Every structure is written in C-alpha cells, then in structure tokens.
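Undergrad: One letter stands for each residue in the lines below.
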Amino acid sequence: MKRVLIIGATSAIATACARLWAAEGSDFFLVARHADKLEITAADLRGRGAKNVVEHRMDATDVAAYPEMLEHCLKALGQIDVALIAHGTLPDQQACERDVNLALQEFANNGTSVIALLTLLANQFETQRCGSLAVISSVAGERGRPSNYLYGAAKAAVSTFSEGLQARLFKVGVHVLTIKPGFVDTPMTQGLNLPAALLAQPAQVAERIVHGIAHKSSTLYTPGFWALIMWVIRSIPQPLFKRLNL
Amino acid sequence: MSTDLHSWGRYPQTAQAGHACPWIDGLTDHINRVVDKHGSSLPYGNGRSYGDSCLASSDQVLQMRALDRFIRTDWQHGIIRVEAGMTLAEILAAAIPQGWFLPVTPGTRFATVGGAIANDVHGKNHHRRGTFGNHVLRFGLLRHGEPARICSASEHPQLFAASIGGLGLTGVINWADLQLMPISASQIDSTTVRFANLAEFFSLSRALDHQHEYSVAWVDCLAKGRETGRGVFIVGDHARYGSLEVAKSSSLNVPFTPPFSLINRLSLRAFNTLYWHAHPATPNQQRSAYEPFFYPLDRLQHWNRIYGRNGFQQYQCVIPEAAAEAALAELLGVIAHSGQGSFLAVLKRCGAVASPGLLSFPLPGTSLALDFPQHDDLNHDLFPRLDAIVRAAGGRLYPAKDAHMSGSDFRQAYPAWEQLEALRDPSLMSRFWKRVIL
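Protein chains in written order, with this note's numbering: chain S, 1 to 246; chain D, 1 to 438.
None of these hints come from the bench; they were simulated from the model.
Please note that the accuracy of each hint is not assured.
Said to hold, decoys possible - Cβ-Cβ distance ranges computed for the label pairs, FRET-style:
hint, chain 1, residue 1, chain 2, residue 2, range
1, S, N52, D, N379, 54 to 60 Å
2, S, K75, D, H77, 29 to 35 Å
3, S, E71, D, H77, 33 to 39 Å
4, S, I236, D, S406, 57 to 63 Å
5, D, R309, S, S235, 34 to 40 Å
6, S, F225, D, P426, 45 to 51 Å
Just so we're clear, the structure is a prediction, and the values are computed from it rather than from any experiment.
Ideal Cβ placement from N, Cα and C applies to all residues, glycine included.
Just chain S, same shape as in the assembly (with noise of 0.2 Å):
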C-alpha cells in the first residue's frame, strides 16, 4: 500500500502505473485537466482496489495553483511516498517552427511546468526525507532530431534538472527517478506512424515503471532495448548526424 501523487493522471501510461498500485490497495490523490477524464479514471481505480483516491482539478501550466494542490495533497494523503510527473502533449514539430507563441507554450507544457513542480516537490520530500520522485521525460530528449527537436529539447531540459536533483535528493534518502520511454501505443501518439516493432504497451511500460520505483533505479529506459538504441544514436558523429532525417 503506497500514498500516491499523480500529476498527469488521465494519461494513458499514467493510468497503466496507478493499476498497478491500486490492486495493492494504495491511496490517490490525481491531479489531472479535465474533470470528466479524472472522474472516470478515479472510478476504474477504486473498482481495481485503490482505497481512497481524491480527484484535483489543475492545468499543469498553472504555476500559481501548485501550492494550494500540494496542500490538498499533503491533507489526503498524509504523506507523499510515490509522486509520478506524467502530464504531457506531443508538438506539432512544424507549427511550432512557424509560431514562437505555440512553441513556447508546447515547452511550457513538456517542459518548464515539469520543472516548476519538481521544485516544489522537492522540498516535501527534503522535507519528508523518504519517498520516490518520478518523472517521465523521453528518449527524444538525448539528441536534437529534426523531427520534434521542440519536445526533445523540453524533455533534455527535464533530464537534466532531475539528474541535478537526484544527486541533491539522494543525500537525504529521497528516490529520484527519471523514466524514459521509447514509443507508446497511447493517444498522444495515435495517428504517428510508428514502426510496430518498437511500440510498447502502456501496462508493459508501466510494470517496468513500477519496479523501477520499487527497486529505486535511476534511470529507466522502457521497453528496456531502448537504452541500446539510444546509445547507438548517442554515438552519431554531428556531420553525420545533421544529414540524417530522425
């Protein structure tokens, strides 16, 4: 049984982790946009054995909102003992070349609202010195690909400050963990198209999420192969990689 913090909480690899938990029957508190989905969401958790599961409604962007979600939290939960950033939107590459506004706003949302949470988190579980702090960032973030370099960027933004914080929280015995998945079948990338090969379940990337958390990793790549692809990427030379079209 763990107390549960989800940011992000109606997304498809979100969901997959929290059915893990619930059938240990963990509390929630879910933070999500929209109130229909989280309802739903909220519901297909107490069927599957979650005990208490408190619904928060919040637009992940929204800074100013975060102190008075984290106190809500704090009051259903207790304590903290898994926070899983999860929240996220795959950019129109493209539009976001033409439209400075739309790009900042997509590394906003993938970016430095990840950012602004893992700060104030961070203190709570300083505060707490136990518990996991998990983020999901993306294999996109390790090399700048023409294709969606915007979201790259975010997520190589966000690997990077949990690196930092890792190191920082580790010392007092807080878990910080930075998740990496390769392609998931979810409807934020429906309608890609996505060699089937490398596509992974949201329950296949979720069990290997939450053994991450229980076995406090580092780094997760998910489906496990993909950090083998990523170094093989990684070990593009740049004149060769800039002629590529990833």
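Following the hints, complete the assembly by docking chain D onto the known chain S.
TA: Only chain D this time, still in chain S's reference frame:
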C-alpha cells in the same frame, strides 16, 4: 491506429485497420467519424473470435480494447459496471480478492466483455449456469444516428435479446452490468478420470455432471475403432476452503509466426497418445489454481502462431441430446480417418438453461470443438463431410469459431437470423454476416 488486426485463427487472413477510442464519452463521435469515412464498421474486442465474425466487411474496425475501465463496483452484491473493452482477466484480478468470480467463463480470459456478450460465450458450467448472457443485467448500446440506449430484460428487450449472441451487429456495446458469483476460495478441486470410448464419456457425464459445477472432456481425435472417442474427463468445483489469489500473468510467448504449422500428423499422434496414457484409469483428485483449470492455453501467449502463416480453423458444433452419441461417433470417425485435428479436442455436454440471446449457440446436447491447421482440403473435403453429419443430426456450428459454414446451414440452424437482421445497425457489417446472409 493498428493496421494489422486479425481474428484468432488468422484465417481468413484479411488484416483489419483498427480505430481506437480512448474515452467512453467520446465513443459516439468516434463511431460517427469511422462510419462516415468508411461506410460501415464493426466493433472489435481483443481478437479472440476464431473466424471472420470479428472482421468488418469494410476491414475497418472499431477497436474497443482501450475502453477497459471499471465504472462502478458493488462488492457487497457482486454487481459491476465495466466498459466493454475490459477483459475477463481484468475482472477476475479485481473480483477475486473481493470473493467474487465470473459466473460463466470461456476457455480464455483474454476475451473482452463486449465480445463475451456479442458471442454469448459459455464455459465448463453450461449445464448449470447457461451462457454469459444469462448473467448480464444490462448494457449500453450505441446505434449510428440514434440516441444512446440502455438495454435489459425490461428496457428495449428486443435489442437486449438480439445483442446477446448478436455478433456485434445490433450496435456498439459501450458498457455492461454483470452479476458475479460468490466464491470462498480461488482454487478449484478437480477430479480427473480417463475413459476408453465415447459410450464411457456419456455414462461418466450422466453420472458426474449434475454433481459438479464444472465438467469438460478432452478427446483423442485420432483414436479409431473401438477406441473412438477415448479421452480424459475432468470435473471441478470451487474449493470451499483456501485463499483468494489472483493468477500471475504468463511470460511464455510464441514470439513469431513460423513459416509452417508446427502441428502435423507426427506431433499430433505423439501428443495425443502420451496425453491419454498420462492420465490415470481411476479417478484422481487434485487441487489447482483457477488459471490452469480454466485457461490452460492462456499460459502460452500467441499460441495461435504455432499453426504457421496459414493459420487454422476451429470446428465447433453442438448436437442435440437424442442424436448426440451416434453423430459424435460418426464425426470422430471421419476426423480420425482424416488424420487431422488438434492437441485439444474438447467434448462438453451443454445443459437446458435457456439464454436470453436470440442467436445463442449452445443447445441441450453435446458440443465438440477442435482445431485444424488451415489447408485447402479443409473447406472442400473434410468440413463438408462433417457439416453433413451435423446437419442430419439437427446440430449447428458456432459463429464465433467459424470461417466456412454455408449460408443455408446457418439460416437453417439459426432461424432467428431474420430478427437479428431486422434489428442490425445498418452501419455495422461483418465478413461473417455478409457470407451467411447475402
């Protein structure tokens, strides 16, 4: 969007493009979009129907699997409301710790609730509890261009009856209320005994079925002469004492489809002979987890791939009580002579509990099911001969397993087809329905 969906038998091999809808409240718009774009469609669950009943005539299916949530649970009375794409495995995982079990379960737990209703599936306790449809309290039904409906025995009773066993043609089932069955332990106490021929099967069934919740038999489909229909009889009951434990999911997997079938005459004969001899001649009592008892094949994920690229067909028929023994002897004789068949040929006596469904498959009598690697001769030689025996005995084939039956056989065996056709949502059409109706 998945573009490579198939039926479980991977025959016919027409790949389906799947259109998934992640949220139940967006389903109506989603259906409209798909139907408007492609003319017609068909709900597709987890692809556990064997033949072409889960394939859309447009090859564009509404992929329901993503709608897999609990909506409401009442563990005091064992009543749950779930979205239609939830699998039976997911229900069991949540219900068992609360002391509840599915009142009827087919031989795989990876079927969806929507699929279980649309095919009105049955299981090893048909003689006691009838079909899955007997335990469905109500469900939501979306028909193209019509307001959402709730169907039950008292609300839209005609659509309720037509949708149970309605092969997904009456509308899209978006959620269902199910009545579960209480258990005090998840383990099964079973008794196994082998029998030497078909006559012994019937006497065992008459002696044991009414004493047990579950009853099923495996037959050696290659045994000939006096040994025709030899096999292993298995009865079981939920343990009275034990624990409430959910089965772990399996990691065994057939990772790819081999170019040819691994089931051939040699492997088949060796397996069947060994399997029969491995079972004791006197009754043997055992306690097992529910999973190996109900779902022995679920342990090997993608087991359908062992039949190779050509896929396979399952032949499942039910023969009315009076004619059952003679017709089954004939069927098994023809099959044994052909030397084809499967590791697991299953005999099951069905009971008299009437289903609310219009086109429900079981009838009081005995059902035989077995798999055949796909081969041109099947449709032109073996199956027509089996069909003739079934027809003469007044039996019928199971649409959920079928990829070959003739339109006239279907319409003869399921006279209510006209009522279903009249209630069919015109925007839904399967390859099966097109084959047997038009």
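Undergrad: Report the numbers of all earlier hints that the structure fails to satisfy, in ascending order.
TA: Going through the list in order, the structure violates no hint and respects every one.
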